[in-house]
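Asks: Work the whole structure out from these sequences, hints included.
There are 2 protein chains.
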Amino acid sequence: MRDEHENRAIDLKNIRITDDFWKTEQELVRTEVIPYQWEALNDRVPGAAPSFAMHNFRAAKALRARSHEPGFTAPVFGKVPFEVLPEDPAHPDPGKFYGFLFQDTDFYKWIEAVAYSLTDHPDPELQKTADEAITIVAGAQAEDGYLDTYYILNGRNAEFSNLRDNHELYCFGHLTEAAVAYAQATGNSELLGVAERCASYISSKIGAEEGKKHGYPGHEIAEMALVRLYEETGEEKYLNLSRYFIDERGKDPKYFGLEGRPQPEHEKPNPVFSYYQAHKPVREQDEAMGHAVRAMYLYSGMADIARLTDDDALKEACRKLFSSVSRDKMYVTGGVGSTHIGEAFTFPYDLPNDTAYTESCAAIGLVFFSRRMLEMEPKSIYADVMERALYNGVLSGIALDGKSFFYVNPLEVWPEASHRDARKLHVKNVRQKWFGCACCPPNIARLLGSVGAYAYTENEDTLFTHLYMSSEIKKRVDDREVSVKLSADRSSPVKWDVKILVENAPSDFTLALRIPGWCGGKYELSGVPESAVCKKDGYLYVKKDWADADELQISFSCPVRFIRSDTRVRENSGKIAVTHGPLVYCLEEKDNGPDLNLVMIERGTEASEVVFENAEIAGRTAEILLVPGLREQPVTDQGLYFDAEEKTDTCTPVTLRMIPYFFWANRGENEMQVWIRRA
Amino acid sequence: MRDEHENRAIDLKNIRITDDFWKTEQELVRTEVIPYQWEALNDRVPGAAPSFAMHNFRAAKALRARSHEPGFTAPVFGKVPFEVLPEDPAHPDPGKFYGFLFQDTDFYKWIEAVAYSLTDHPDPELQKTADEAITIVAGAQAEDGYLDTYYILNGRNAEFSNLRDNHELYCFGHLTEAAVAYAQATGNSELLGVAERCASYISSKIGAEEGKKHGYPGHEIAEMALVRLYEETGEEKYLNLSRYFIDERGKDPKYFGLEGRPQPEHEKPNPVFSYYQAHKPVREQDEAMGHAVRAMYLYSGMADIARLTDDDALKEACRKLFSSVSRDKMYVTGGVGSTHIGEAFTFPYDLPNDTAYTESCAAIGLVFFSRRMLEMEPKSIYADVMERALYNGVLSGIALDGKSFFYVNPLEVWPEASHRDARKLHVKNVRQKWFGCACCPPNIARLLGSVGAYAYTENEDTLFTHLYMSSEIKKRVDDREVSVKLSADRSSPVKWDVKILVENAPSDFTLALRIPGWCGGKYELSGVPESAVCKKDGYLYVKKDWADADELQISFSCPVRFIRSDTRVRENSGKIAVTHGPLVYCLEEKDNGPDLNLVMIERGTEASEVVFENAEIAGRTAEILLVPGLREQPVTDQGLYFDAEEKTDTCTPVTLRMIPYFFWANRGENEMQVWIRRA
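Going line by line, the protein sequences match chains A and B.
In terms of our numbering, the first sequence opens at residue 1 and continues consecutively.
In terms of our numbering, the second sequence opens at residue 1 and continues consecutively.
To be clear, the hints were calculated from the coordinates, so they are not data collected in a lab.
Hints may contain errors.
Stated by the list, open to error - Listed below are the simulated EDC-like cross-link pairs for lysine to aspartate or glutamate, each with C-alpha atoms no more than 20 angstroms apart in a straight line:
no., chain 1, residue 1, chain 2, residue 2
1, A, 212, A, 159
2, A, 254, A, 210
3, B, 522, A, 643
4, A, 320, B, 637
5, B, 495, A, 643
6, B, 522, A, 645
7, A, 522, B, 460
8, A, 544, A, 530
9, B, 543, B, 645
Replies: Given below as structure tokens:
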């Protein structure tokens with residue numbers, strides 16, 4: 001059933017973020033990430049693994065240019081020996097494909113981030129660079145619309161032959177996301193044309209009709225990208241292709257078992273179809289499984305389709321999957337994916353802190369999924385999860401100076417283990433400049449650049465405020481342009497004051513204000529008569545006869561909280577985490593000395609005893625929490641095992657200095673810990 | 001410097017074990033393990049993976065028989081396609097080798113266990129079976145002395161070409177251990193001849209001289225086996241070959257880097273030489289590294305050579321390595337090898353309980369190493385570790401009915417994780433009948449069969465009692481046969497009473513009695529004047545004018561102990577283990593309900609409050625400990641994360657029922673936990 005409050009993301013052109021906190025992040029993207037990544041895409045970063053992304057597009061463009069020459073023969077898959085890296089990295093063969101199968105997406109994610117940056121901050125020089133790059137990409141597209149440089153350069157005779165593993169539809173999805181964003185931002189629709197032609201070509205090869213492949217993406221994203229393309233162009237065929245992917249997925253006989261190589265014997269014990277969320281039809285799925293990023297992207301597409309087609313079974317599946325993620329399988333940081341083996345979900349309540357995978361991209365995916373659930377049915381449970389992931393699991397992925405990134409975001413780090421324990425080699429202690437598989441940095445960039453579209457969504461007459469950040473929004477209601485100026489004051493450590501100035505609003509206009517979970521239901525709304533407020537699903541709907549300039553205030557209580565886990569989370573038995581507002585806090589060795597396993601917070605210590613202090617960390621101001629704690633006396637001279645006698649079992653009172661989780665690892669390699677033992 | 005108390009293992013012919021506890025284990029080996037394994041070696045166990053061990057020997061024997069026929073051509077390595085399993089398991093090609101490279105050792109370990117069993121319990125039928133099998137093995141040996149059915153059947157042109165990986169010297173080591181044991185037990189020296197000829201052939205191919213390979217075993221054991229062969233035969237050349245292996249190991253340039261395939265790029269980050277303990281010369285090694293079983297076997301050989309050649313540098317390396325193992329890298333159960341990745345040691349104090357590898361064979365190896373340290377210099381620190389490993393990490397490897405086995409011995413098990421968490425798939429919750437790589441079951445059998453040689457060692461005039469088990473020992477001193485009858489009474493839960501009757505001892509005779517670490521220095525020795533007792537390194541040396549029949553008693557305090565870990569063991573922060581005498585105790589779900597993570601022992605609870613109870617578990621009587629504990633109230637209805645408020649944070653007093661660790665997993669799949677939270 002269609003939700004009366006169904007809504008969709010606000011157009012970024014209609015929002016200007018003025019918030020210090022988010023402006024700082026966006027400026028990092030604009031001034032650090034985007035320029036750096038352009039160099040990386042062009043293999044010009046000394047010491048970094050080359051991307052070959054632009055190289056591959058240029059090679060494909062040159063191939064197409066040659067294709068009309070007499071005597072031209074197209075590459076044949078299997079005949080051209082495939083190389084990941086050129087023998088001499090300084091001299092790649094200009095005609096060959098290099099890098100991962102999905103290397104094209106390095107560019108697509110970058111250009112999407114560029115689009116958001118240009119929306120907010122016009123930059124003719126950057127736009128010129130981007131326009132020229134798009135022309136190269138357009139030139140690489142085959143005349144029939146196909147675009148994937150891996151197959152174009154290695155032999156299109158094998159295209160769509162291994163949807164399970166070979167990422168063509170994943171590349172298409174990122175192309176499409178970028179194309180829509182870039183057209184919206186700049187009016188240049190060259191890339192949009194590329195995406196549309198590519199979508200049409202895919203539709204001609206994959207679908208329900210006889211003679212087409214009855215497949216779907218091995219790595220999802222096309223589902224939600226096609227929805228975006230549909231919403232931009234109004235072309236139903238894109239919606240239909242997305243729905244086809246959703247509907248076909250997981251049906252018997254399994255497409256992924258039919259195409260490509262048969263499942264090898266040694267993979268048999270693995271639930272391999274669930275890795276791709278293809279173990280059963282999506283409407284029957286009720287447990288988040290498999291590769292976490294893939295899962296988040298699929299569920300996002302499902303929520304899009306469920307909303308647009310008003311598909312109750314699909315909506316219910318989305319709710320169950322959201323619950324499975326957020327109720328059973330999510331870290332307190334909003335990170336998801338407990339294991340590096342398959343970068344995947346494991347089973348409910350299995351949330352190890354020190355071997356967590358919690359890929360930045362999976363937290364980003366959870367933000368995507370949460371917003372789409374909000375679009376389907378605005379309930380604050382979705383926004384709570386979105387905010388948790390954004391402020392913690394996503395932001396920890398990027399350094400405070402914007403120059404390095406985490407792929408993996410653990411909740412506990414013992415540096416020696418990361419160096420010497422083969423089970424933890426995936427857990428890095430310092431962020432890296434760039435990755436061979438560079439999905440996270442540009443993914444963070446495109447999310448931060450478009451954060452306004454997560455803070456606000458809208459429908460015809462309602463503006464939803466999900467995240468509170470200072471900003472100015474324009475919204476057309478009836479024939480009037482309503483202006484909303486929101487000012488979020490986070491200077492007080494105990495409350496979060498938000499002033500909202502609504503101008504030129506007709507009486508149809510509704511302002512929906514989320515009540516964040518972290519305020520514990522304690523807030524004060526003023527400037528509005530009680531009769532103008534209706535509370536539903538964690539949102540305050542304010543509708544009134546608006547004055548020309550109407551100011552209201554809402555103030556949320558923002559206490560420090562000591563948090564426990566569901567007792568089935570074994571890793572956190574007898575431990576607590578500390579949060580403040582949307583932020584999860586952590587201990588770092590830099591502030592608290594080594595051996596964080598010896599640190600405790602005594603039972604009976606109240607969160608209200610915590611003292612606030614501002615401190616500078618790596619050039620950024622952080623609100624530090626000073627928490628009364630205990631430190632167990634180290635015992636290292638009694639042998640490995642010894643009698644638990646009182647004399648060796650004493651504690652010293654200490655003041656724990658806790659920093660926001662996303663501030664960690666900005667001062668060199670050191671221990672870090674989120675969950676703290678209770679004494 | 002030679003230790004004045006240097007000693008060596010007692011000849012099993014001179015000991016008869018009468019102890020209920022150990023007799024039961026030995027009877028399991030005799031009545032269950034040995035017959036079952038003979039069936040397994042002959043591929044006659046329905047449903048179990050075939051061993052092919054006897055198949056391979058028969059095939060090699062047939063090949064040798066054919067080798068004199070006209071037109072015979074020997075197999076050429078690389079020409080015969082290598083198969084691990086026959087296409088049709090019911091019809092293996094009688095001429096082909098199947099199974100692991102080291103499949104021959106399945107038989108050698110079995111025949112060694114048979115030897116010990118026959119020593120204690122003559123059985124003409126079993127001996128006939130064994131004699132006939134030995135004749136097959138002898139027939140498989142090449143005329144020049146070479147014996148490894150993998151190369152004999154696949155092509156001897158490649159023999160000794162990959163000492164690093166291909167286990168020829170490992171097979172030889174097990175052959176030799178078995179051969180000495182069988183000759184000692186039965187007087188049949190046919191297998192001893194096989195081992196001697198094989199040793200001579202190896203000496204002709206590997207050694208310091210020009211033209212020989214300057215290599216050493218990739219999987220150690222030959223080092224200690226050659227010492228045993230030397231001690232049995234008096235032939236110095238065997239001692240020299242062992243010393244050569246010890247001396248050459250880890251020298252630059254690394255032999256393992258020279259022979260065989262070069263190290264592939266993807267292995268580069270791994271400290272690959274350390275996996276084989278070949279990263280530096282053994283005398284420079286001071287940290288236990290690499291594959292744990294390999295390490296234990298090497299260190300055992302080092303201790304043998306250090307003792308026999310009075311090599312101070314080697315002795316010091318042995319002490320450092322023993323300390324590294326037992327002080328930094330050993331579980332409270334005596335298990336070693338923290339990770340399944342490479343079945344290996346990790347770094348100091350990294351002792352995860354739920355992902356532990358702690359292979360049964362590694363605990364067995366630690367028993368070997370400890371006894372050899374005792375032989376070198378009898379200090380009770382070595383015996384304490386030996387006893388800890390034997391009663392816990394080794395015994396847990398075999399089911400109480402002797403019919404199934406653990407390869408991996410974790411200290412904490414959550415069955416769902418073993419099924420659904422790819423990081424814990426190696427952790428089984430129920431013992432298995434047999435393994436494709438069947439090293440542990442026969443290794444346990446040969447250790448249990450020869451446990452008397454770990455309980456007692458001797459030198460010219462001294463009998464060392466390391467483990468207290470009821471038994472009768474004969475020992476020649478001067479020209480007299482001294483009889484020692486030891487009776488260990490463990491019926492009291494608070495003390496361990498030992499009566500020792502010494503008969504016919506000359507005044508030269510010394511009885512050295514270990515003071516176990518678990519008695520906390522509390523013991524009473526009676527029946528001996530104070531002047532007759534000298535205490536050194538944890539042993540009481542009793543020397544006196546012995547009466548014809550002289551009885552003395554020693555009674556060890558045997559308290560329940562609550563044990564902590566060195567605080568650098570992060571996994572055990574805030575946790576205690578419970579021990580009683582040499583036994584480590586554990587909680588099982590069967591006795592304590594599910595969610596063992598919620599169980600605690602309150603600070604202030606004294607170990608003296610523990611109550612004893614006898615109970616029957618899977619047909620065996622166990623001493624159960626009833627420990628006053630607490631159980632945290634489960635909270636599963638508050639969402640995944642919630643405020644740590646007092647109302648949800650309550651505990652109920654419970655009585656924890658703890659069973660000896662080695663009793664675990666004998667009542668079906670369930671949770672188990674050794675380390676318990678303190679409240």
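Asks: Next step is simple, just say for each hint if it's right about the structure.
Replies: Here is what the structure says about each hint:
1. With a CA separation close to 13 angstroms, the supplied pair residue 212 of chain A and residue 159 of chain A stays within the 20 angstroms bound.
2. Proximity of residue 254 of chain A to residue 210 of chain A is assessed by CA-CA distance (about 17 angstroms); at most 20 angstroms being required, the pair is judged to hold.
3. As the CA atoms of residue 522 of chain B and residue 643 of chain A are separated by approximately 15 angstroms, the hinted pair is consistent with the 20 angstroms bound.
4. Restraint check for residue 320 of chain A and residue 637 of chain B: satisfied, since their Cα atoms lie roughly 16 angstroms apart, inside the 20 angstroms limit.
5. Distance hint between residue 495 of chain B and residue 643 of chain A is fulfilled; the C-alpha atoms sit about 18 angstroms from each other, no more than 20 angstroms.
6. Taking the CA atoms of residue 522 of chain B and residue 645 of chain A, the gap is near 17 angstroms; set against the 20 angstroms cutoff, the hint holds.
7. Of the pairs offered as hints, the one joining residue 522 of chain A and residue 460 of chain B is violated, with about 84 angstroms between alpha carbons and a cut-off of 20 angstroms exceeded.
8. Under the criterion of a C-alpha separation no larger than 20 angstroms, the hint pairing residue 544 of chain A with residue 530 of chain A is consistent with the structure, at around 10 angstroms.
9. Restraint check: the Cα-Cα separation between residue 543 of chain B and residue 645 of chain B comes to about 66 angstroms, which exceeds 20 angstroms; the hinted pair is violated.
Violated hints, in rising order: 7 and 9; the structure is consistent with all others.
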